[in-house]
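Go ahead and model the full structure; you've got the sequences and the hints to work with.
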Amino acid sequence: MPRLDQILRGVLSLILLSISFSALAAQATGSGGAAGVGGLRAYWHVFIAYAVVLVLVLGWVISIGRRLKDVEQRLGE
Amino acid sequence: MSLYLRQIGVIVWKDLLLELRTRERVAAMGAFAVLAGVLFNFSTDRSLVRPQDMAAGLIWMTIVFDGLLGVGRTFHLEAEDGALQGLLMSPAPKDAIFLGKALSNFVLLYAVALLVLAVFMLFFGLGIGSSPAAVLLSLGLGALGFVALGTLFAAVSSGTRMGETVLPILVFPLLVPMVIYGAGATGRLLAGRPVAEVAGNLRMLGAFALVALAAGAALFRFVVED
Amino acid sequence: MSIIGIRRAGIFLAALGLLGLGVVYWMSFFWVSTEASQGIVQRIFYVHPPAAWTSFLAFGIAALTSGMYLWLRDERLDWAASSAAEGGMVFATIMLITGPLWGKIAWGTYWTWEPRLTLTLLLWFVFVGYFMVRRSTDNPEQGKRFSAVVAIVGALLIPFIHLSVVWFRSLHPEPVVITPEGPSLPGDMLTTLLVSVGVFTVLFLGLFMLRYALEGIRHELQVRARRAAA
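Protein sequences, first through last, are from chains A, B and C.
First residue of the first sequence: 30, per my numbering; consecutive thereafter.
First residue of the second sequence: 303, per my numbering; consecutive thereafter.
First residue of the third sequence: 126, per my numbering; consecutive thereafter.
Think of the hints as simulated: they come from the structure by calculation, not from any bench.
Treat the hints with caution; some may be incorrect.
Not the full set, but computed from the structure, chain C residues with beta-carbon under 7 Å of chain A [to be verified]:
#1 I165
#2 R168
#3 I169
#4 T218
#5 I219
#6 L221
#7 T223
#8 L226
#9 L335
#10 L339
Cβ pair distances, simulated, as ranges [as the list claims (entries may be wrong)]:
#11 C/I129 x B/L512: 44 to 52 Å
#12 B/G494 x C/P284: 58 to 66 Å
#13 B/A330 x C/R294: 30 to 38 Å
#14 B/H378 x C/L141: 51 to 59 Å
Ideal Cβ positions, reconstructed from N, Cα and C, are used throughout, including at glycine.
Below, the structure is given as C-alpha cells:
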C-alpha cells in the first residue's frame with residue numbers, strides 16, 4: 030500500500046528530526062544543566078529514555094505496517 | 303444446594319482417595335519441603351543474617367514452590383486417560399468441578415504447608431510465636447488463595463504445549479498480594495507480635511482467597527469447554 | 126464501522142499521534158523550563174507517566190473486551206483484546222525502561238519498589254502470560270479463550286496487588302521520591318505533561334485501531350480462502 034510507504038517515510042524523517050533536535054538540545058541545555066544534581070553525566074539518561082520511546086513506538090508502527098502490507102498483498106491476489 | 307455441595311464433596315473425595323492410594327504428589331511435595339529446608343539452611347550464612355529474620359519469607363516461598371509442584375499435576379490424570387471428558391459430561395456444574403479440584407488441592411497443600419512450618423521451626427530453631435492459631439490461619443488462607451489461582455491456571459497450562467512450565471509465569475505475578483500479606487503476618491506472629499497487628503493482613507488474605515475462588519469458579523467453564 | 130473505515134481512522138490518529146510526539150519532544154527539550162533540583166533528567170517525566178497511563182488504559186480495554194468476548198463470543202472482541210494487549214505491552218515496556226533511567230538520578234537507584242513501577246512490572250508479566258498462552262495451544266480458539274481468562278483474572282486481582290504493594294512500601298521506606306507532582310506543578314510543566322498524555326493516548330488509539338484492522342483483514346482472508354476451497 031503506497032499510503033503505508035508514505036507513512037513509513039514520514040516516520041523515518043521524524044526520527045531524524047528528533048535525533049537532530051536532541052543533539053541541539055544537548056548543546057542548548059548543556060550550560061544550564063551542569064549546575065544541577067548529577068551534573069553533566071546525567072544527560073545520557075534523558076536521551077536514552079527519549080530514544081527508547083521512539084524506538085519502541087516506531088517499532089510497533091513498523092511491525093503493524095509490515096504485517097498489514099503483507100496481508101493486504103495476499104488479499105489482492 | 304446440598305446436591306451442589308455433595309457434587310463438590312464427591313470430587314474432593316475421589317481426588318484425595320486417589321492421592322492416598324498412589325501417594326504420588328504427597329511424597330514429592332513432602333520431600334521437597336524437607337529438602338528445601340536443608341538447602342536453605344546451607345544457603346544462609348548465620349554470621350551475616352539471623353535465620354529468624356528471614357524464616358517467614360523462606361517458609362512462604364517454599365510453600366509457593368511446593369504448591370506449584372503439586373497443583374501443576376491437578377489435571378494430569380484426567381488429561382492422560384481422557385477422564386476429563388467424563389468429568390465434564392457428568393451432571394456436576396463446571397464451577398462445582400473447579401471447587402472440588404481446588405479444595406482437594408487445598409487439603410494437600412495445607413498439609414504440606416504445616417510440614418514446611420514444622421521443618422523450618424526445627425531446622426532454624428524457631429518458636430511458634432505469639433499465636434499459633436493465627437499462624438495456622440494465615441497459612442490456611444494463603445494456601446486457599448494459592449490453590450484457587452493454581453487450579454484455574456493448571457487447567458489452562460495443561461491445554462497448552464508448554465504445560466506446567468508456563469504455570470509460574472501465569473501465577474507468580476498474581477501471588478504478590480498473598481506473599482506480602484501472608485509472609486508479613488507470619489513473620490510478625492513468629493516474632494511475637496500481637497494478633498491485633500496482623501488482623502488486617504489476615505482479612506486481606508481472606509478477601510484475596512475469596513476473589514480468587516470466585517473468579518476460578520466463574521471462569522473454569524471457559525477453560526475446559528471444547 | 127467497517128474495517129476499511131477503522132483502518133483509515135487508525136492511520137489518521139496514528140499519524141496525528143506521531144506528529145504530536147514530535148511536538149512533545151520539542152516542548153520537552155526547548156519549551157518547558159528546567160526543574161531546579163533534578164536538572165534536565167527530570168524531563169523524562171514527560172514521557173514516563175504518560176506511558177504508564179497508556180499501558181493501564183490498554184490493559185483495561187484488553188480485560189473488558191476479553192470479558193465481553195467470553196460472554197458474547199464475537200470474534201471482533203477478541204481482535205480488540207489482543208490488539209490492546211499488544212499496545213499495552215509496548216507502553217509498559219517504555220514505562221519500565223524510562224522509570225529506572227529517571228530513578229537513578231531522582232532516587233539514587235535504578236530500581237525501587239515504588240508502587241506504580243512494581244504494578245507495571247507485574248502487569249508486563251500478565252501481558253507475557255497472555256501472549257504465551259495464546260500462542261501455545263494447538264486449537265487457536267482455545268488459545269483465545271485462555272488468554273481472555275488470563276486478562277480477566279489479572280484485572281480482578283490488580284486492586285489487591287496495588288494495595289499490597291502500597292502497604293509493603295509503607296513499611297519499607299525507600300529513598301524519598303522527588304516528585305515533580307508537588308503541591309504546585311509549574312504551569313508550563315503541567316501543560317507539557319497533559320499534552321504528552323493526550324498525545325500518547327491518541328497514538329495508542331490510532332495504532333490500536335490499525336492493529337484491529339489487521340485482524341479484520343486477516344479474518345477476511347481466511348473467509349475467502351475457505352470460500353475458495355468450498
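Verification of the supplied hints:
{"no.": "1", "hint": "I165", "in the structure": "holds (4 Å)"}
{"no.": "2", "hint": "R168", "in the structure": "holds (5 Å)"}
{"no.": "3", "hint": "I169", "in the structure": "holds (5 Å)"}
{"no.": "4", "hint": "T218", "in the structure": "holds (6 Å)"}
{"no.": "5", "hint": "I219", "in the structure": "holds (5 Å)"}
{"no.": "6", "hint": "L221", "in the structure": "violated (10 Å)"}
{"no.": "7", "hint": "T223", "in the structure": "holds (4 Å)"}
{"no.": "8", "hint": "L226", "in the structure": "holds (5 Å)"}
{"no.": "9", "hint": "L335", "in the structure": "holds (5 Å)"}
{"no.": "10", "hint": "L339", "in the structure": "holds (5 Å)"}
{"no.": "11", "hint": "C/I129 x B/L512: 44 to 52 Å", "in the structure": "holds (47 Å)"}
{"no.": "12", "hint": "B/G494 x C/P284: 58 to 66 Å", "in the structure": "violated (32 Å)"}
{"no.": "13", "hint": "B/A330 x C/R294: 30 to 38 Å", "in the structure": "holds (36 Å)"}
{"no.": "14", "hint": "B/H378 x C/L141: 51 to 59 Å", "in the structure": "holds (52 Å)"}
Of the numbered hints given earlier, the model fails hints 6, 12; all others are met.
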